[in-house]
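Chemist: Please arrange chains B, C and D on chain A, whose structure you already have, making use of the hints.
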Amino acid sequence: MKKKFNLNRRSFLKNSAALTGAFAFGVPSIIRAEPKSWVMASSFPLTGPFAAAGSMGLKDYLDWVEMTNSTGGIAGKKIKPVYDDSAYVPSKSLANFKKAMSADDKPVFYGGDSTGFMKLVTPELNRTPVLCGGTSFSSELADPKTHPYQFISGPTYNSMFDILLQHIKSKGGKKLAFIYSDTEFGKDPIEHGVSKAKSLGIDVVLKEITKPAGAEIMTHISSLRRADPEYAILHGYVTGVWPQIIGGARKAKMSTKFLGTFWGMEKIIADAVTKQSGPFLEGYAGVTPYRYFYEAKEAPSYGKFFAFLKSKYGDEFPGYVSTWSVQIMFTYEIAKLAIEKTVNADKEVNAKNLVESLEAIKNWDSGGYMGKPVSIENHAIAQGRVYSYKTSNGLFLPISDWITT
Amino acid sequence: MVFFFLSLIGLQLKLDNFCGGVFLAPPQKDRLILLKVSNLNVYYHRVIQALRGVSFEISDGEIVSLLGSNGAGKSTALNAISNILSFQNGEISEGKIEFNGTTTFGKSANNLVKLGMAYVREGRKIFSDLTVNENLIAASYALKKTVKKNDFEQVYDLFKPLASRRKEIAGYLSGGEQQMLAFGRALIGNPKLLLMDEPSLGLAPVMVEEIFNIISKINKDLNTTILLVEQNANLAFKFSDYIYIIESGKIVIEGKVDKLQQDSDVQEFYLGVGNKNYKSYRDIKHYKRRKRWLS
Amino acid sequence: MFDPIFLIENSITGLFSGGIYALIGLGVVFIFRATKVFNFAHGAVMMFGAYFYLTFSEILISFGSPNWLIFLISLPLTFTASALLGMIIEKFLMRPMMGQHPFPLIMITIGLISVLEGAAAMIWTPAAQYPKPLFPLNIDFIGSLAINRQMLFSFILAIIIFLIISILFVRSRSGVAIRATATDQSTAALMGINVSGVFSLSWIIACVTGSLAGILLAPLNSLTPTLGIVGLSVISVVILGGLDSIIGVLIAAFIIGWVESMASHFFGGQYKEIVPYIIVLLIIIIKPHGLMGTRQIDRL
Amino acid sequence: MIIGNYKSNYNSDESFFGDWPNKFAFILLCLLLVLIPFISSGYVIFLFTQVAVFIIAIVGLNILTGYTGLVSLGHGALVGVGAYATAILQSQFNLDFYINIPLSIFITSLVGVFFGLPSLRIRGLYLTISTLAASFIIIFILRNWNSLTGGDSGLILDPIEIFGIKIISENNKYFFIVPLAILSILFAQNLFRTRIGRAFIAIRDADLSAEIIGVNIVKFKLMAFGLGAAYAGLAGSLWAYNFLAILPSQFELHLSILFLAALVVGGSAQTLGPVFGAFFVVIIPELLKWAMGFLTPLNPTIMEYTAPANSFVYGILIIVFMIFEPMGIASIWSRFWNYVGRWPFSP
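Protein chains in written order, with the working numbering: chain A, 1 to 405; chain B, 1 to 295; chain C, 1 to 300; chain D, 1 to 347.
Next up, chain A with everything else stripped away, as it sits in the complex:
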């Protein structure tokens, strides 16, 4: 009797191992009833370097959910939004993900908020599969083999660079500089961009790494002046750095044309910069896969959302929704489409079937989000358009057609 209770360390280990064997692996998974609502969970960078984009995105996303629910939700069921702050820290996003996944009603879709998270979550997704999209356009994710449950709601950064390079080529540009932030996001397409530029016969004369925020502009301007490119692509920034670099270059009397990628193409930032420091952003151009919100005439989806916001907020609604929010909403639109397709095909709504439906999206009319019909290839949508900023009216206006790669 006495011996039985003598739990020393070794027997503790042995017993716990035995217990583990008995319970942890043996408990059958509980078969759950169909959920009452679609839980769509996501992390938002409400704090940290991209907080401005995150909080704006969250507000618009919640409005989008409200609108969608008011028109019947997805396949007759309402959407239940679950969200948490990640501070743009991948491990915090991952904790949020785990929290969402261990809740009683599991999400059918998870919206991640950074490339780092998309990377961290990959092994986790193999264990608890769920359809996963997000704000990352990392080229690495566009591979159904290594990242079977993740998709990109737009072109990869590589494709964006392809589009920009084609644009430069068509304008007859010869000398090009890459200026990018010292982040995963910034470094992502550089290698591809260099080789692509080479194949198009464009000379990449400078690859300049900067801090993602608070970069020392003068140093970079100096290098840019030395290299003196005709075009410079700014990549890997959201709110900061890119306007200062353009401003610095203009002050240094440079005539280099600057091009940006999606996250650095926000009208709100461009307007604020113009208001504060003058109209030097004139002619700044860049690639974006989505229409701007003020092009609502060509986009029925935008029109619907505009009407909803107008009725909800009245005069408080400024009439513009940021591209960041549009990106998040479009990601959810795709998830919504995948769920609808799965339900219509009368299949169980699980990650595997959702991915199948996702991959089956071909020539879908996105309701104006994108100009060309949407086809998902390699879990990404490779199209975009080059827009250029006009300081006189504060609008990004298209200077190219919709380009697919």
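Because the hints were derived from the structure by calculation, they are not lab data. Hints are not guaranteed to be accurate.
To be verified - The calculated label-pair distances, taken between Cβ atoms and stated as ranges, are:
| no. | chain 1 | residue 1 | chain 2 | residue 2 | range |
| --- | --- | --- | --- | --- | --- |
| 1 | C | Leu7 | D | Ala206 | 36 to 44 Å |
| 2 | D | Ser91 | A | Asp315 | 32 to 40 Å |
| 3 | C | Ser11 | B | Gly106 | 37 to 45 Å |
| 4 | D | Arg121 | B | Asn70 | 30 to 38 Å |
| 5 | B | Asn213 | C | Ile286 | 46 to 54 Å |
| 6 | D | Ile36 | B | Glu94 | 48 to 56 Å |
| 7 | A | Asn350 | D | Ile36 | 25 to 33 Å |
| 8 | B | Leu32 | C | Ile247 | 50 to 58 Å |
| 9 | A | Glu356 | D | Ser91 | 29 to 37 Å |
| 10 | A | Asp365 | D | Leu295 | 39 to 47 Å |
All C-beta atoms in this analysis are idealised placements derived from N, C-alpha and C, irrespective of residue type, glycine included.
Modeler: What follows is chains B, C and D alone, placed relative to chain A:
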């Protein structure tokens, strides 16, 4: 009834006179008591008791010495009076200190300086990377309204060697000069009370004699009251008016210099006078016992 | 491809940023000398100063004041607010620990980094902001050499303030009091120096110079609650200078600014951030007391 | 202030657990830990596992900072070294976990000793700054050695496999990591009954005096660095197997500060300090999130305040504990039990 009380008071007064006349020494000096310490208890780190109910008082114009061996609590007493115990993680748990009629509690060290208390610490503690003049400026910091240029000159007059080296870094002065600087710093602004902690420490015998001459000069010329802490009892007896002897945090003997000098215990323990022909441990046993009793 | 003008340009940029590093480092040294506390939170204090300035200037801009009035009013207000911040930190965080081992105090300054960053993010949101620069960005050309007028003026201002403060430190009575306190706190108290007053004063000076550095730095970079990281890399300046030497800081700031700039010139932008720390490690191993520091201060 | 060791005989001084209630509490705790996975959700188990990883790391920091008095601001980076060592060994050499983990521990402890080398010349503040610099340098290497560390995008690992069971579910990870955490606490507890541990304490309290009485401080300081780093290595290794993917940004300075905060709040130089500390730093963000959850219906973007509030609260806790309770929660805990133990005669 009223009469009865009045008579009681009268009796009381009479008794006082009577006792004072017969048992106590008659009050010789009618000078005011400048510093009064009563029942002082000090702890370090809240656990080590350094002073156990120390009481003493100093009259205006006197030189009073606090004698005792290492670790008896002399410096602690001075630190408590000047309120810098907090820098050594010590605190006063009980007791009262009155300086010039008001309590010192609640006044920070620098405020006490303004009230006329100065302290020359053991080991001089000059600001070694400031110049001589800057040392004096630092000392006059709190007294900037009252200190005049000629206060500096007064110090340089008193300590001639300093005058020629006023622009030099104090750390390069000799030991004696550093002690002079320490004195000079304390004398800026003519303090009422000067506390001194072992001014003779680490100086050549010639210097010691000189330092003590300066002390008595300060006392006479500037009419500064001095509380001196010393280990060197002979010197203390030579220069003081009144002596307190402190052992293990308690005052064990006190008295005027001439009286104490007659005391056999004091002679034996502190002045090194007495029967030196001890042959065995038994001979000095009484000594140990006596000393224990004293403390 | 060797391009001498490019090299000169980058060297000048490095030296200019050295001027601001000196101003930041000054605060760290001041506090260290007076209180023996190494203030890891100095960068965060600087960031707070920049936010104060942002707030005051935004308020004034909203009233439509002219530029010169904005500077004239919001600068003194910022300095007052920063001084208050310094006093509060000293009074409530440092004073209760007076006379103790410096390690807990250093831990408190590390905690202070989190507190200030969190507070700034809660008050002013974590999004990057662009406060109105004291000197707007302008690039002048000397031949083909480009000089950033904003940095030049910031540099001149930083150096002027640095020199004023360090001359006061040597010449003024308060300077003597601070130096006396640095040598021996309790003796200084016995000389009639108000030691806690000196502590307050050194914190105030550090916070005010820090806020000025923040105001100069924020438009060059952008203003986010993590601006304080720049302050962390200034550790290298302070260590190279010798931790308690004001002249040392000035020299070290130029060296570090220049070396950083050269690292970014020859190896690429990302090396700039790591250079200060490599320098720190090397100095600590080779010459712990830095260029001009007191030799015996290797004890915590 | 601890001023003595109140043991009355050698046996009690040498004993592993203080007394029978201590031993009983330990057994009870172990039982409770076995039960936890069966009564809580996956997220709670995940949090427990994370606490366990933190505990291991903080025990290492406790040896270095708490017991030996060498304040390190680079512990987070060392955890990163452990994690990367594990991931690289697995991806490059395809080693099994039972070789991989010890090897990672060894590598990390070598790195730790290397960055402890300045301690031969310097002490105190300078040492703290050198660990800070080391932390930045390590992270820089992790971020920029693309071919080996995968740069900013980090590395992905395969899960551990024991007897054909993949340690991938939350439960399995829990049962793999928590026992290791308990073992490492016990090992550290044991360390301070030995010559080495006491030498560490001697170095902390008075390094010169320790040298004079014959403690080889160079050797023991390096040993403290090595041991502290070894714990960091184990924590990093488990961290990698717990997340199965690692990024350099996870191990930056904020992690080191988090560990220090945990140690201070938990109670440095005490066995239970790291345990309380780790629980604290994991639970506080959860509590804040929970509190913010109540407020979100009012304003969905109120969550913007969660992360700053988090960092604010950590900072405040460090400061408050340093000023009012420098020995941390562990000391409150032991005071509480002393009080209970002596009741009704307790003061």
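Chemist: A separate judgement is required for each hint: does it hold in the structure or not?
Modeler: These are the hints, each one checked on the structure:
1. Leu7/C <-> Ala206/D: 36 to 44 Å: violated (52 Å)
2. Ser91/D <-> Asp315/A: 32 to 40 Å: violated (57 Å)
3. Ser11/C <-> Gly106/B: 37 to 45 Å: violated (58 Å)
4. Arg121/D <-> Asn70/B: 30 to 38 Å: This hint holds: roughly 36 Å between Cβ atoms.
5. Asn213/B <-> Ile286/C: 46 to 54 Å: About 52 Å separates the Cβ atoms of Asn213/B and Ile286/C, which means 46 to 54 Å holds.
6. Ile36/D <-> Glu94/B: 48 to 56 Å: holds (53 Å)
7. Asn350/A <-> Ile36/D: 25 to 33 Å: This hint holds: roughly 29 Å between Cβ atoms.
8. Leu32/B <-> Ile247/C: 50 to 58 Å: Once the Cβ atoms are compared, 52 Å apart, the range 50 to 58 Å for Ile247/C and Leu32/B holds.
9. Glu356/A <-> Ser91/D: 29 to 37 Å: Holds, since Glu356/A and Ser91/D (Cβ atoms, about 30 Å apart) stay within the stated range.
10. Asp365/A <-> Leu295/D: 39 to 47 Å: This hint holds: roughly 40 Å between Cβ atoms.
Consistency with the previously given hints fails for numbers 1, 2, 3, ordered from lowest to highest.
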